[in-house]
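On the provided structure of chain W, position chain B as indicated by the hints.
Number of protein chains: 2
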Amino acid sequence: MPLRFTLMPPTQPPSPARRRSTTQGRQTRQAILKTAVNVASVEGLEGLSIGRLASELGMSKSGLFAHFGSKEELQLAAIATAQAIFINEVIRPTRKALPGMTRLYALMEAWLAYGERKVFAGGCFFAAAAMEFDSRPGVVRDRLADITNQWLQRLEKWIGEAKERGEIRADVDAAQLAFELHTLMWGANTMLQLYDNAQVKNQMKTAIAHRLQSIVN
Amino acid sequence: MPLRFTLMPPTQPPSPARRRSTTQGRQTRQAILKTAVNVASVEGLEGLSIGRLASELGMSKSGLFAHFGSKEELQLAAIATAQAIFINEVIRPTRKALPGMTRLYALMEAWLAYGERKVFAGGCFFAAAAMEFDSRPGVVRDRLADITNQWLQRLEKWIGEAKERGEIRADVDAAQLAFELHTLMWGANTMLQLYDNAQVKNQMKTAIAHRLQSIVN
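Residue numbers (our numbering), protein chains in the order written: chain W, 1 to 217; chain B, 1 to 217.
Isolated chain W, as found in the complex (with noise of 0.2 angstroms):
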């Protein structure tokens, strides 16, 4: 009978003591990415080496090593991190919101308190991140170009909701207002961690709610 290969190894239910370092494996994984996502933030994605972390986390660098095989796949693992909390602080709120312009105000509301509160220590993670490697081609700058898309993408068609709906203006491009309200969310961010002062504050909440109300039926 001849030898039969498979690409993966046979699986087998993990020993209790496999179990629990998988899971010890697991915690110690999330507490690296969650210092990462924050060192990222302020000092930017190539800020990420395994030495700058091992020392802010007063770990080894093989320690490290063994969870993240090289700062690439550390970066992508700090950028699917920060999209979770991401997701969970400004696309979760709004669930609840009726479509269209509700859920659309809910959103802008949502994305201004997350940089009011400084969820990430340097502000907006992917307005740094992507900005930081819109110049540098490679697998990250890939994945920062996707998920603004998505980003761009769910704006889009919570604007055509709000069409749908008569809420605003039938000429109305809903891409071009996307962009807009996007394009604007980046700078300001910027401005706000540049003055941090009460009055961009107030300019960017103006600079979105003058963009809305100028198509609002």
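Do not take every clue at face value.
Since copy identity is lost for identical chains, a pair holds within one copy or between any two.
Unchecked claim - With a straight-line cut-off of 25 angstroms between C-alpha atoms, the simulated SDA-like cross-links for lysine to any residue are: (1) Lys205 - Asp173; (2) Lys205 - Arg103; (3) Lys118 - Pro137; (4) Lys34 - Ile87; (5) Lys34 - Glu46; (6) Lys118 - Arg165; (7) Lys71 - Gly25.
Because the hints were derived from the structure by calculation, they are not lab data.
Only chain B this time, still in chain W's reference frame:
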């Protein structure tokens, strides 16, 4: 007679040899800064280590240190160089335009053209630098905040002139409109770097046109 101290050393006409070496020194400094600005626009101002730049220019680290005593000094000099380039590329083309909306449109056109021509390898130098340093207190961030403020004041002044000329609605808040145009430009700059396609270019232009059309008389 008491000794007199002055803060400045007494000026003496330089000898021909000294004049030559000063000119050479200035040319080398300019060449270094040109490279520094392009490296920074792609890799960030933090990427401007003396070592990184020395290897890019094929110079020794000590040779670079003779021109810039520290990384911070190099970063500030790169910012000053980028500012001179920006003034030449974006402000100068508007000098002959009439005050008011004509000059404001000319400024937006010049800024869009500066982005399209990729004057800096990594897109708008100031958008990238401000985003990179917005969470890092210090002289570099302060300088970037000052330059951003000068830009906002210029926009506000020119919007004010358009208002005085009765070209835009009297209820337009010039500072708020300056903030809205500026944040849109910063956000759009990242979008253009991230996707670099015709759609984003059109959306940028349409967004600026929308904002200006909404306030004209």
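Quiz prompt | Within, between, both or neither, where Lys71 and Gly25 count as close if Cα-Cα is 25 angstroms or less | solution = Classified as within: same-chain Cα gap 19 angstroms, cross-chain 39 angstroms, threshold 25 angstroms.
Quiz prompt | Alpha-carbon proximity context of Lys205 and Arg103, limit 25 angstroms | solution = within (16 angstroms within a copy, 28 angstroms between copies)
Exercise. Could you place Lys118 and Pro137 in one of the four classes (within, between, both, neither) given a Cα distance threshold of 25 angstroms?
Key: So Lys118 and Pro137 pass the 25 angstroms test across copies only (16 angstroms; inside, 29 angstroms).
Quiz item: Taking 25 angstroms as the upper bound on the Cα-Cα distance, should Lys118 and Arg165 be classified as within, between, both, or neither?
Solution: Neither: 34 angstroms inside a copy, 42 angstroms across copies.
Quiz item: Is it within, between, both or neither when you check Lys205 against Asp173 at 25 angstroms Cα-Cα?
Solution: both (22 angstroms within a copy, 14 angstroms between copies)
Self-check item: Alpha-carbon proximity context of Lys34 and Ile87, limit 25 angstroms
Solution: This pair counts as within: shortest intra-copy Cα distance 15 angstroms, inter-copy 41 angstroms.
Quiz item: With identical chains treated as interchangeable, where does the CA-CA distance between Lys34 and Glu46 reach 25 angstroms or less: within a copy, between copies, both, or neither?
Solution: both (16 angstroms within a copy, 23 angstroms between copies)
In this structure, only the earlier hint numbered 6 is contradicted, and the remaining ones agree with it.
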